[in-house]
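Trainee: For this one, chain H is given, so just place chain U on it according to the hints.
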Amino acid sequence: MAKTDFPLIFERGKEGRTSYSLPEMDVPEINLEDEFDEAYIRQEAPGLPEVSELDLMRHYTALSNRNYGVDSGFYPLGSCTMKYNPKINEDVARLAGFSHIHPHQDPKTVQGAMEIMYDLQTSLSEITGMHDFSLQSAAGAQGEWSGLMMIRALHEKNGEFNRTNVIVPDSAHGTNPASVTVAGLDAVTVKTNENGLVDIEDLKRVVDEDTAALMLTNPNTLGLFETEIMEMAEIVHGAGGKLYYDGANLNAIMGFVRPGDMGFDVVHLNLHKTFTGPHGGGGPGSGPVGVTEEFAPFLPKPVLTKKDSEFVFDYDRPESIGRIKPYYGNFGIYLRAYTYIRTMGAEGLKKVSEYAVVNANYVMRRLEEEYALPYSQHCKHEFVISGKNQKQLGVRTLDIAKRLLDYGYHPPTIYFPLNVEEAMMTEPTETESKETLDGYIEAMLAISREAKGDPELVQEAPHETPVRRMDETTAARKPILRYQP
Amino acid sequence: MEFRYLPMTETDKQEMLDAIGVDSTEELFSDIPENVRFKQELNLKKPANESALMQELTKLASKNANLKEYTSFLGAGVYDHYIPSVVDHVISRSEFYTAYTPYQPEISQGELQAIFEFQTMICELTGMEVANSSMYDGGTALAEAVTLSAGQTKRKKILVSKTVHPESRAVIHTYAKGQNLEVIEIDHQSGITDLEQLDNEIDDETASVVIQYPNFFGQIEPMNDVQEIIRKQKKTMFLVSSNPLALGYLTPPGNFGADIVVGDTQVFGIPAQFGGPHCGYFATTDKLKRKVPGRLVGQTTDENGERGFVLTLQAREQHIRRDKATSNICSNQALNALASSVAMSSIGKHGLRKMAVLNMQKARYAKQQLENIGIAASFNGPFFNELVVKLSESVTNVNAKLLDKGIIGGYDLEFYYPELAGHMLVAVTENRSKDEIDNLVKELGDING
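Keeping their order, the protein sequence lines are chains H and U.
By UniProt numbering, the letter at position 120 of the first sequence is numbered 120, and the numbering carries on one by one without gaps.
By UniProt numbering, the letter at position 382 of the second sequence is numbered 382, and the numbering carries on one by one without gaps.
Misleading hints may appear alongside valid ones.
[Unchecked claim] Covered stretches of chain U, going by a simulated chain H footprint (3 or more residues, C-beta under 8 Å):
1) 28 to 36
2) 95 to 106
3) 150 to 162
4) 192 to 206
5) 290 to 301
6) 314 to 325
[Said to hold, decoys possible] With beta-carbon atoms standing in for the labels, derived distance ranges:
7) H:GLY238 with U:ASN397: 37 to 47 Å
8) U:ARG4 with H:GLY73: 40 to 50 Å
9) U:LYS154 with H:GLU456: 49 to 59 Å
[To be verified] Dumping the calculated DSSO-like pairs for lysine-lysine here, alpha-carbon to alpha-carbon at most 30 Å:
10) H:LYS434 with U:LYS13
11) H:LYS108 with U:LYS46
12) U:LYS291 with H:LYS108
13) U:LYS324 with H:LYS191
14) U:LYS68 with H:LYS87
15) H:LYS157 with H:LYS306
16) H:LYS306 with U:LYS59
17) H:LYS307 with U:LYS401
18) U:LYS405 with U:LYS63
19) U:LYS291 with H:LYS478
20) U:LYS59 with H:LYS108
21) H:LYS307 with U:LYS405
22) U:LYS401 with H:LYS108
23) U:LYS63 with H:LYS87
24) U:LYS59 with U:LYS156
25) H:LYS157 with U:LYS156
26) U:LYS291 with U:LYS157
Just so you know, these hints were derived from the structure itself, not from any lab.
Heads up, the beta-carbon is just placed ideally off N, CA and C, and yes, glycines get one too.
Okay, chain U solo, but in the shape it has when bound:
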């Protein structure tokens, strides 16, 4: 069998073994104790040639209902947005995607500068002073923010609103167990955080309060009121998870006194790809810059005084601090951060607001049309591009019927919110046309009778 990734010929091998001073490769493995060696052949499928494998995997791919062939109203943290064609052309340049972390700045200025630009864009969007080079995703970025808040305040109590993405909350619980933190969830009331309960639970033991803006139901949390409650406690930190696209229209969390803002840049140039890889971002205040998890790129000059960029403040990181490190993150999502940078550059200063407004207008049109046929929105506060509607039968049944019509319906809230059985979270992005919205409304009308 020939293997196109393995250039070693028999002659090469012989010459190299001679230079090493051994007779066979077997000798090089003689340090593996005889009694643990694997003597059989691994039970794997036979090697496949390029054409056959491509054909087989293309068939497997076509077994999946994809968002380009179906009309999708599914969001809940992952969205079908416009991806400028330039994005894939840039990230397919192998100088970027086959590189490692830019440890050698002299030959990595491209990646370093791109990350520096990404950090800047995240600061601009969130209204924060410092942003890192990326995290795995929005959920783990939030968990890292919680960890940071506990370390910073030397407190163990965390208050998380139930309007935060349920899977991000689940991740917070897992990380909190590692750190022996106590996580208390605050109920939702009319689609937003129950402020009275928040006010009752917060005390001088509270490390941080976690809010999502816009929240999981698409609603805009009353950030001013939340901030007011948090500020009654001196050290308690305000952690915000934010869809960065929404910040094209909404006042950035930094303006509401957020201490850490995190989220996912999947909305910018990253396909859904079954939930990953996406790209977490992490932004904070200048005061906390030496506590930030993950990699940071800084501007400096070379020996000739030329502007250049380096990985910096590395004393925070695991490879220096080892067991004293407060985060173990090493690999991040650099290539996806690049994808998002390219998308943000393409959409640009004014396009961003335009894109956010497209989402908002189309979502409002959907809301109005649904109301016209008697499917009312459950929550009526200001919202971004998602709305919750109550259906007359189970969301599972409705979605099965929609699928037959070529529509991927909204998210079934019952899965994480038993109290919202029969409620669907409908996402309407700029990619949905009026006709597609009208069609959804018609089909839902037929189903709802």
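Chain H with its partners taken away, still in its complex shape:
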């Protein structure tokens, strides 16, 4: 990546340059101004760019050269499952029969698309052990929220309006408690014990007649399997609460254990994590929600069903939580997930989880040599190490992350989960080869040696990137959120 400053698209180009080719005006023109009150006619053209097509391509190519994706290199960002994004998926999503169909077409004219959605719902139900799936949620966070809205709806239907507490582990992702709030419920924290698992005694303490649900990832955000899951399910169900499964970490367990069999009532998955939807620089994602039979009436509408041999959207769902998104969700992401599931099959998906777990344990054990490991048991698909040894030398986890950039790697997720000091949450995924993992391990061990021998080198990193560390304080204090000519 070149270290040169270069212009914004607004600073390129010149008055009069264009890069469009619009259809021609082939109808007789009328005077539009006769129809509009002057107050409604835009007086000043918006400040959009004026560039030629080549200038435009050079601009965005230059930007892409200052960006880093999974295709660029190793990306062990914990909890994000940055696995390879298969190319056939992209080709499938671009077939005109999928990319150029309108959501309001007569369902009879889009049966091919609906068949894929139906088949995907069925496959996800099988993989998770759930009864029904709704694909509609646009992302994991929206899946959480719609799942919680269903739990709320069920309790309210039973007249239990008091059930508003949703128990969330202290290690949970920030979207969990935020989704609870947006669903009009209250987040209650349960502690993690010394083994990195939910503290059962504390769970018993916080569960009561006001409990709506326990929200859990399993394996949890520390990458550890909640071994007492069946006891936890019994405690929560026994008190009349429900179990919510955040599928962020499903990549660890496919074909080994299913959320439905562990007692979960509602689950959401992230098609952009486990099922290879590309992350796109932050989205679009897709967060389908699966439920037990008890919750099926509450699914967001419309619900895609099969009537005889025809696929239909069912709007007659009186107990549904309602519509959560216009149209039918992020169909383009379903295509990618579906293509992936069809490529892998049951055998492949089980291997995915097996290899993801082997890769994570391998990197964890090799790094243990230099880095503190707060929980020593085998991990699942990811693990959390602590930079507290290095911190004593004056090198923070942030510095280690920045130094990794010099070595050509994307750093792990840092300072999360919140209950581990100087946390580095690392998820290698199954699509990385041993050589890649070894290269990363060597870099991490080298950085630890640098922290001892030449701490400044690490503290002042990165040295090799297009820009150095950013002044984030000024950015937040005096925000400049748009270009001003």
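Mentor: Then chain U, alone, in the frame of chain H:
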């Protein structure tokens, strides 16, 4: 079976298990209680090879009537517009599409700068001061705007015009339930919001008024009159959902005193793809910048004083505020925001007005031709590129007949507006040629007798 995405060889596996200190992978899963393990094989279709799968899915795709083979007059929030070829070439660069959210600014300047440029373009179009990096879609962006207005005004009553997209209204109702808000819908009158009813319903408990501009029927709402009614209440906020393409011709909502402007940038470079993913935008005033949901990119400098960009004002977001957050949005639609940025850059400052005018002229030509054969428009106010017409038989029947002629007809308004049974919402974009419009008119004439 071989799996091309899985590089682990038997030798690799053995070496790694040795390093871990276990004999088998099974040991690594021994923490999963025996009694809940899944012992069978998942009941999924057998793994398919690349050629066979591509062939099968291509066949499934061809079962769908697509907008490139049929002539479409279907809009109602999703449109068949010109997509410059450059768009797909840019978003297919895997440095963009295989990246995560730009948490490490030193290696993410490309994405960050592209979002900063997107934010700027949205501000320019809407006439607002601040725009975020994107929302899921126009509908959920509107629901988030409603939530923000309730939090900001500490009020629970929301007035939504029935001329707002029915599916966006449905989404507002669902979100409102989560937040225990009261949503009151204002009727339509001659294709626009019933101003008298709005004036009667608004009071000092009203958090916000939601208007769509141009509205679901394609009509231009009287923004000045709406603004006047809203401003009689001190704190009530003015929320506007806007098709950003229309703003190439129309005065931006910011000029009418809008507090929040949202919408969908599907019109810029994003194919219909059965309704998603599209791309919501969210724009507001400088005053509300610390209340905006989702991610914001800001300009700053690095240690060497070089200009650069970072995610900023993150104290608003779920990963910091957790249960105190007012929005839970995390993933957004970044890649589609990029697609729209590229399309907006390509269409450019002057192309945008030209494109908007093409839509308007062609829609007016269609209106005139339909009137000539006795199919009159139901509403006669100023409009953008959609019009409502009354047919002599059900829209379902008409559309079935049109489909036989290779035409995807307009939207059946009866579905969400029972009072408009037999009314079709016809969209005419720049992609429709005069011949295609003439053909629609001819076929409708034949059907209508």
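Trainee: When I compare C-beta atoms, does the segment 95 to 106 of chain U have three or more residues closer than 8 Å to chain H?
Mentor: holds (count 12)
Trainee: Taking 40 to 50 Å as the stated bounds, is the beta-carbon spacing between U:ARG4 and H:GLY73 within them?
Mentor: 19 Å, violated
Trainee: Would the pair H:LYS306 and U:LYS59 pass a check requiring their Cα atoms to be no farther apart than 30 Å?
Mentor: 20 Å, holds
Trainee: Taken at face value, is the distance from the CA of H:LYS87 to the CA of U:LYS63 at most 30 Å?
Mentor: At roughly 23 Å apart (the allowed maximum being 30 Å), H:LYS87 and U:LYS63 satisfy the hint.
Trainee: Going straight from one Cα to the other, do H:LYS157 and H:LYS306 come out at no more than 30 Å?
Mentor: At roughly 27 Å apart (the allowed maximum being 30 Å), H:LYS306 and H:LYS157 satisfy the hint.
Trainee: Please work out if H:LYS108 and U:LYS46 have their alpha carbons no farther apart than 30 Å.
Mentor: 28 Å, holds
Trainee: Quick one: see if chain H covers the segment 28 to 36 of chain U, three-plus residues with Cβ-Cβ under 8 Å.
Mentor: holds (count 8)
Trainee: Has the given pair, H:LYS307 with U:LYS405, been kept, meaning a C-alpha gap of at most 30 Å?
Mentor: Holds, at roughly 27 Å.
Trainee: Using a Cβ cutoff of 8 Å, are there at least 3 residues of the segment 314 to 325 of chain U near chain H, or does the coverage claim fail?
Mentor: holds (count 11)
Trainee: Compare the distance between the alpha carbons of U:LYS291 and H:LYS108 with 30 Å, and conclude whether the hinted pair is satisfied.
Mentor: 44 Å, violated
Trainee: Compare the distance between the alpha carbons of U:LYS291 and H:LYS478 with 30 Å, and conclude whether the hinted pair is satisfied.
Mentor: Since the Cα atoms of U:LYS291 and H:LYS478 sit roughly 16 Å apart, the hinted pair holds (cutoff 30 Å).
Trainee: For H:LYS434 and U:LYS13, compute the direct alpha-carbon distance and say whether it is at most 30 Å.
Mentor: 9 Å, holds
Consistency with the previously given hints fails for numbers 3, 4, 7, 8, 12 and 24, ordered from lowest to highest.
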